[in-house]
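Fit chain P to the known structure of chain L by using the hints.
Number of protein chains: 2
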Amino acid sequence: MPSAPDPARLSLNTATVKAQWSLAQAIEGCARHGIRGIAPWRDKLAEMGLKQAAKAIKANGLTVTGLCRGGFFTAKDWLDDNRRAIEEAHELGAQCLVLVVGGLFPGTKDLIYSRDRIRESISIMLPEARKAGVPLAIEPLHPMQAADRACVNTLEQALDICDALGDDGRSAQCALGVAVDVYHVWWDPKLRQQIERAGKKRILAYHICDWLVPTRDLLNDRGMMGDGVINLRLIRSWIESAEYSGFHEVEIFSERDWWKRDPDDVLRTMKERYKQT
Amino acid sequence: MPSAPDPARLSLNTATVKAQWSLAQAIEGCARHGIRGIAPWRDKLAEMGLKQAAKAIKANGLTVTGLCRGGFFTAKDWLDDNRRAIEEAHELGAQCLVLVVGGLFPGTKDLIYSRDRIRESISIMLPEARKAGVPLAIEPLHPMQAADRACVNTLEQALDICDALGDDGRSAQCALGVAVDVYHVWWDPKLRQQIERAGKKRILAYHICDWLVPTRDLLNDRGMMGDGVINLRLIRSWIESAEYSGFHEVEIFSERDWWKRDPDDVLRTMKERYKQT
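Top to bottom, those sequences are chains L and P.
If you read the first sequence in my numbering, its first letter stands for residue 442, the second for the next number, and so on.
If you read the second sequence in my numbering, its first letter stands for residue 442, the second for the next number, and so on.
Hints were generated in silico from the structure; no laboratory data involved.
Hints may be right or wrong, so weigh each one.
When chains are identical, the list treats them as one kind, so a pair holds in a single copy or across two.
[Said to hold, decoys possible] Okay, derived cross-link-like pairs now, DSS-like style, lysine-lysine, Cα gap no bigger than 25 angstroms in a straight line: (1) K716 to K550; (2) K572 to K550; (3) K499 to K485; (4) K712 to K459; (5) K712 to K550; (6) K459 to K701; (7) K701 to K550.
Chain L with its partners taken away, still in its complex shape (with noise of 0.2 angstroms):
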């Protein structure tokens, strides 16, 4: 059995309150609710200022557990974009810069050619994350969105790259890692051995909500915990049996329910719930 959930590694991903809420809002949202950590997203980073963002986040003591988000490798501009993000990163003093690595290149069906531009990408752009300062967390995204988000689909094949491109673990804490989201990745088999293998050093990001059944939509009907079928528990004592010890951010794309709701009842909710999980 995992220890009970610590409140004070609760985070909170801004997407989760984004119809509701700006960036200024969500940081004095957590604030008020006794929430620690922030994932911001860049949109609404850019619309608050990053300076001002950065400012705002300092102030009220919270740790920014991942900036949201890196990758997209498909886009023609990516290298610019992905130094403006590790910029952004390193300006919030950000945990990680989440990757969601894009799905298949433009006018190809080839998965295996754009999984190896992925990688390429990740190894021109790993230098200088490493140089700034800011880790970067593959997250590999639920197989239905293999063709237009991410075509990194599995722990095993996120942990692949990290081997071929990452540190040879004598630090700390790698500068290329994963970040384990639970709705992603609840349905594999290898799970377990997945984040066994990945371990303390590499795991830079955990990611929760829940998988409900039925599911209307393939990227904003997630559920909040304790809604859908996720064993939350057991994923969680995977993950501290790989002795991770950071922040548990809530991440919930809810376009039907929770996008509609008063946005401090969806704080209490999830800061309720997370004590179930």
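Chain P only, in chain L's frame:
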């Protein structure tokens, strides 16, 4: 490069025209369009009557490339139901009984437990299937269907079950193997490797269709070959490298599109598109 697609190896999974045709109509449709294989679903089979269906299929010289479906070990009456499915498959001379194994067992979030129970259930029905001369084809389903339809979600996982329970490999065809449906496995980074591992004797069925972008429904939004992003030619080359020489069965669940069309047009289109795969 694979060889040119052989029209004599095309098979119609009746789900493709399930909204329009009874089984009797589908049998006549296959005969009319020169399609040599058919894979009926059991609800339509019950509607037509087993004896009459067997007679009509034989009279038209069709090969039954699979009976859909056994499995769903999560149901209370699973053993009786699977026994009936074996009998029906035997009566039809089906090349295999397709197993959709079921998702999480009622009342649990424990995937490991559910997967153990599934393996155990297959081990119980396997001797009876072997005795009846009906090969069982485990069909790994897409991870997005893990909770409610099948928690066997990769070819690797299905083959691990075959390894644990299966034949010694000395017979010409295995009593326990897999159904490879491109829709469920196209995204898998280990697909080529696992098709090779499966080999000729354990690939009991090969199902084709396409993955649409965007996909608007988790169950009934499959595409016709050529309308999506699956590299069908490449996967066919892997299947052929494994020396699979059976039928290519078209299975398309399509609430919004193909189920609304003239079924003769559906068959014409599928024949035409098959040539391009």
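Of all the hints given earlier, name the ones this structure violates by number, lowest first.
As far as the earlier hints go, 2, 7 are violated by this structure, in ascending order.
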